[in-house]
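Each protein sequence line maps, in turn, to chains A and B.
End of the first sequence = 245 in our numbering, gap-free, step of one.
End of the second sequence = 462 in our numbering, gap-free, step of one.
Check before you lean on any hint, since a few could be wrong.
What the hints assert, rightly or not - The list that follows gives simulated cross-link-like pairs (lysine-lysine, DSSO-like), each with its CA atoms no further than 30 Å apart:
| id | chain 1 | residue 1 | chain 2 | residue 2 |
| --- | --- | --- | --- | --- |
| 1 | A | LYS74 | A | LYS195 |
| 2 | A | LYS145 | B | LYS352 |
| 3 | B | LYS458 | A | LYS143 |
| 4 | A | LYS145 | B | LYS457 |
| 5 | A | LYS121 | A | LYS146 |
| 6 | A | LYS143 | B | LYS243 |
Said to hold, decoys possible - Away from chain A, derived, C-beta distances all over 10 Å, residues of chain B:
| id | residue |
| --- | --- |
| 7 | ILE228 |
| 8 | GLY229 |
| 9 | SER230 |
| 10 | VAL232 |
| 11 | ILE241 |
| 12 | ILE251 |
| 13 | SER261 |
| 14 | ARG309 |
| 15 | ILE318 |
| 16 | MET369 |
| 17 | MET377 |
| 18 | LEU389 |
| 19 | LEU455 |
| 20 | LYS458 |
What the hints assert, rightly or not - Derived coverage of chain A by chain B (criterion: at least 3 residues anywhere in the stretch with Cβ under 8 Å from a Cβ of chain B; other residues may be distant):
| id | stretch |
| --- | --- |
| 21 | 37 to 45 |
| 22 | 80 to 92 |
| 23 | 111 to 125 |
Bear in mind the hints are in silico, worked out from the structure with no lab data behind them.
We treat Cβ as the ideally placed atom computed from N, Cα and C, and that holds for glycine.
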Amino acid sequence: MDAISLNSIRLTINEKKILDNLTMSIPQGSAVTIMGPNGAGKTTLLRVASGLVRPTSGEIYLFGKKFDKNQRLLGYIPQNLGLVGELDVFTNVMIGALRRMPRWRAISGTYTKDTVSEAYSLMYDLKISHLKDTKVKKLSGGEKQRVAIARTLIQKPSIILADEMTASLDFKAAVTVMDIFTEIKEKMGITLLMTHHNPEIAKMYSDNVLILINGKIEKNIPSKEITKETAEYLYET
Amino acid sequence: MKPSRFQYTWIAIVLIIIGSSVHLGFNPLSIIKDTGNSVVIVEELLEFDFSVGEKVLWSLIETLEMALIGSSIGFAFSIPAALLAARNISPSYVSAAFRGLLGILWSIPPLLWAILLVVIVGLGPTAGILAISLYIMGLSGKYLYEIYESQNVSAYDAMHVIGATRMQIARFVTIPEALPHMGNQYLFLLSYSVRESSILGLVGAGGIGFYIIHHLESLNYGKAAPFILAILAVTLAMDYASTKLRKKLVHN
Ligand SMILES: Nc1ncnc2c1ncn2[C@@H]1O[C@H](COP(=O)(O)OP(=O)(O)O)[C@@H](O)[C@H]1O
Ligand SMILES: [Mg+2]
Chain A
9 MDAISLNSIR LTINEKKILD NLTMSIPQGS AVTIMGPNGA GKTTLLRVAS
59 GLVRPTSGEI YLFGKKFDKN QRLLGYIPQN LGLVGELDVF TNVMIGALRR
109 MPRWRAISGT YTKDTVSEAY SLMYDLKISH LKDTKVKKLS GGEKQRVAIA
159 RTLIQKPSII LADEMTASLD FKAAVTVMDI FTEIKEKMGI TLLMTHHNPE
209 IAKMYSDNVL ILINGKIEKN IPSKEITKET AEYLYET
Chain B
211 MKPSRFQYTW IAIVLIIIGS SVHLGFNPLS IIKDTGNSVV IVEELLEFDF
261 SVGEKVLWSL IETLEMALIG SSIGFAFSIP AALLAARNIS PSYVSAAFRG
311 LLGILWSIPP LLWAILLVVI VGLGPTAGIL AISLYIMGLS GKYLYEIYES
361 QNVSAYDAMH VIGATRMQIA RFVTIPEALP HMGNQYLFLL SYSVRESSIL
411 GLVGAGGIGF YIIHHLESLN YGKAAPFILA ILAVTLAMDY ASTKLRKKLV
461 HN
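In isolation and in its complexed conformation, chain B is listed as follows (with noise of 0.2 Å):
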């Protein structure tokens, strides 16, 4: 029997990934082989030092209002630069501008960000603000594009005869019609947020990362662990909550 197409492709694939890995000198039994510095890293982590606990809170209340603030700033303006980036109502040349911008607010990760704001208003939660609300403006921004000009188009036909403005198109289809995605679309970049400003402490930008690196660089990874864990526990409950509420508003 001949091999089919897509089994060619994943042929392809798999020695695409071997060879990459060769390229990079990868093994991934290196973790295996060097199992002593694994324990060691392992059981330190393990002992917990809690003497950390009010710094664990107060970092961790400043990651979760930099997410909110954060993603509510870049959802915010998400919702017009993406009616401008829209081509079923923009004319050609400014949806292309707004496209591009979009396009590269999303493209460089929140922690580039941080690390080029961090230079323009130093160190603190107001560039990892900042360096969320750019991203998610992108992120949000390129999603609601899409889903204005994937709307019915026979709505739109009735608004152009009528000889309404793109204004009007916007206020009375776009973004009525947008709106039930919008719910759950801020619930996602919420949770998403608080996961990316728990890193951008790393840079200097705020919020809980900077314990963790601050402690793992001296080597207390005792007083790292109560942040990593304070982390894992607020990711999860915000996926788990996100979820249920995403949940209800689909039934509503």
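Bound conformation, chain A alone (with noise of 0.2 Å):
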């Protein structure tokens, strides 16, 4: 089964057309990359993935069951990662669970003991535990990450939509984080769709590769075919 399908996907801005007519569907438990150039319209693609841009005509699906915001099936984890700096670790934590608890308890902070220990195991799991009173505008780039994973996964949801999460990092970092997050994310059959910039970082984490050039998809490569060539031709077009 797709865990999230596009059908026919349109968006224009003033005339402009971002996504163009675009058709694509990820299975349940996969891990798929977009790819290309700047501009191509990457995060345009998961804004519009995860409700937070209405298209201008074209369906989304999730689970075959037209979209719907009140579903809660989507952690999103945006460009620059969303988190709050001036909010230590828990807390900013605990934000992903706050759809899953009433509404007093989110305003005064009173979670309940469920929450509370699902969110130090997450963050044991993700090796920030010892940071969880720390400012995050104080920590370096591969801890923010997983702050941010953490977050996304207190959510429970079935997919998370992830913009270039290691974009901030050097390689040896961005594979540490990816190492954990994708264990995690077998662990609890998350279905994944990421956009990378680094092919290499690209091809280890995920099934397949969609090749994205001015709001089309123009190739679909499973990613063990993943040359020197197909990064070439990415950011010569």
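Assemble the dimeric complex from its two separately framed chains, guided by the hints.
Laid out in structure tokens, this is it:
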């Protein structure tokens, strides 16, 4: 079954075609990376899939059902992560669980024991327990990534959309983060739709790579077949 | 060489200034022409009459209290008002309404507010405190919604996908991210209000200004002088202290 499918998605802003009759589907449990030159529409595609931007036309299906915000199947890690720098790591993680608790609990900060222990075990898995009281703005790039992952996982999503999540990291730090992320993703059976700039990272952590150019999917390549030429082709077009 | 657009702009500004001066019959030399008067006033001001000492102290304290209460009330109300005015948090009709409200509060100067409020609540510091509160709410509110709206968009995106409510977004993103600016903002408003509340006495809304206008109008320049000196000293001291404190806040 497809976890997410986009059907003839078009998005036009000021008469500019940003997404152009885009159709694609991501099988449940798989990891797919979208690659393409700057301005190709990768971020926009994820924003449409997450429900942040309404397409001009076309439909989105999640597990065969028409997209509905209230299903809460999606986790989203935006470009730049979208963490709250002035809050500590623990609170940033709890933000992901806001929807799962009564509103007064969220506002007053009196979280239930269950959600608190979930947050602790996620922070443990992601090796950020020791940072739980540290303000996020003081963390390194790799630590911030892990906070963003924990905040998304505590939502218990079936699908995670992650935009350039390793962009600010060097290769070694990127591998460390992606190793942990992939392990948890496998354990929880999550479907992953990502964008990456580094072809090496894309190859290592995804089943398939979709090549997006000018708002269109040009190619769908099994990641094993990614070569130096693919990367060159991408960044010269 | 052809004058640039920049040069034209400056030439136009200078012409407008000269035109306006002619229109108003303004002559900058008149202060020198009437030196006689200036010398007399300065001489009389310098004959400090310290018999008013106690009144200086009490009216100065009243002025500071007015500023403290007024700016705190105005600042406190500006925080939620700015949330309602911010386009990235509130629905567009709500934000339009609150932008209008803050704009009105801000565009009427404290002295005008004081005149209106003296009519409504009567003479005395209550009118002055309310005048400061309303103006400061407008001033601070306008500043704060600009801060709110310039915050990192991706944090808001993440909150929307999570399904957070507007209240939750305000509580977990907007306010915490704005907090470091708010300490600075409050100190600035406080010292600003001291200056403002020192003139509200002119219209009977409390504070030290009352004595200044009273003694000036009865031509007792020597008695007015200690009050003016007191304002000068306090304003400079506040400015110095708040600059120091703000530097400290920035470093934390
Ligand atoms: N809100 C917007 N208004 C106008 N143009 C936009 C908007 N968002 C994105 N775009 C345009 O859409 C194109 C794709 O942008 P983006 O999705 O950020 O590309 P990528 O993530 O692949 O670099 C760019 O040309 C960008 O300028
Ligand atoms: Mg992008």
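### Message
So is the stretch 111 to 125 of chain A in contact with chain B by the C-beta rule, three or more residues under 8 Å, or is the coverage claim wrong?
### Response
holds (count 3)
### Query
Since B/SER261 was said not to touch the interface, does its Cβ keep a gap of more than 10 Å from each Cβ of chain A?
54 Å, holds
### Message
Would the non-interface assignment of B/ILE251 survive a Cβ cutoff of 10 Å against chain A?
### Response
At roughly 53 Å from the nearest Cβ of chain A, B/ILE251 sits farther out than 10 Å, so the non-interface label holds.
### Query
Are all beta-carbon distances from B/ARG309 to chain A longer than 10 Å?
25 Å, holds
### Query
Non-interface claim for B/ILE318: all C-beta distances to chain A beyond 10 Å?
Non-interface label stands for B/ILE318: nearest chain A Cβ at 34 Å, farther than 10 Å.
### Message
Just to be careful, I want the Cα atoms of B/LYS458 and A/LYS143 compared with a cutoff of 30 Å; is the pair within it?
### Response
19 Å, holds
### Task
Below or equal to 30 Å on CA atoms is what counts here, so check A/LYS145 against B/LYS457.
Holds, at roughly 20 Å.
### Task
Could you grab the alpha-carbon distance between A/LYS145 and B/LYS352 and see if it respects the 30 Å cut-off?
26 Å, holds
### Query
Do the alpha carbons of A/LYS121 and A/LYS146 lie within 30 Å of each other, as the hint requires?
27 Å, holds
### Query
In terms of Cβ atoms, is chain A entirely out of 10 Å range of B/VAL232?
Nearest chain A Cβ is 48 Å from B/VAL232, so the label holds.
#### Entry: Given as non-interface: B/LEU455, partner chain A, CB spacing beyond 10 Å
Fine: 20 Å to the nearest Cβ keeps B/LEU455 off the interface.
### Query
Beyond 10 Å from chain A, beta-carbon-wise, is B/SER230?
43 Å, holds
Violated hints for the displayed structure, listed by number in ascending order: 6, 16, 17, 18, 21.
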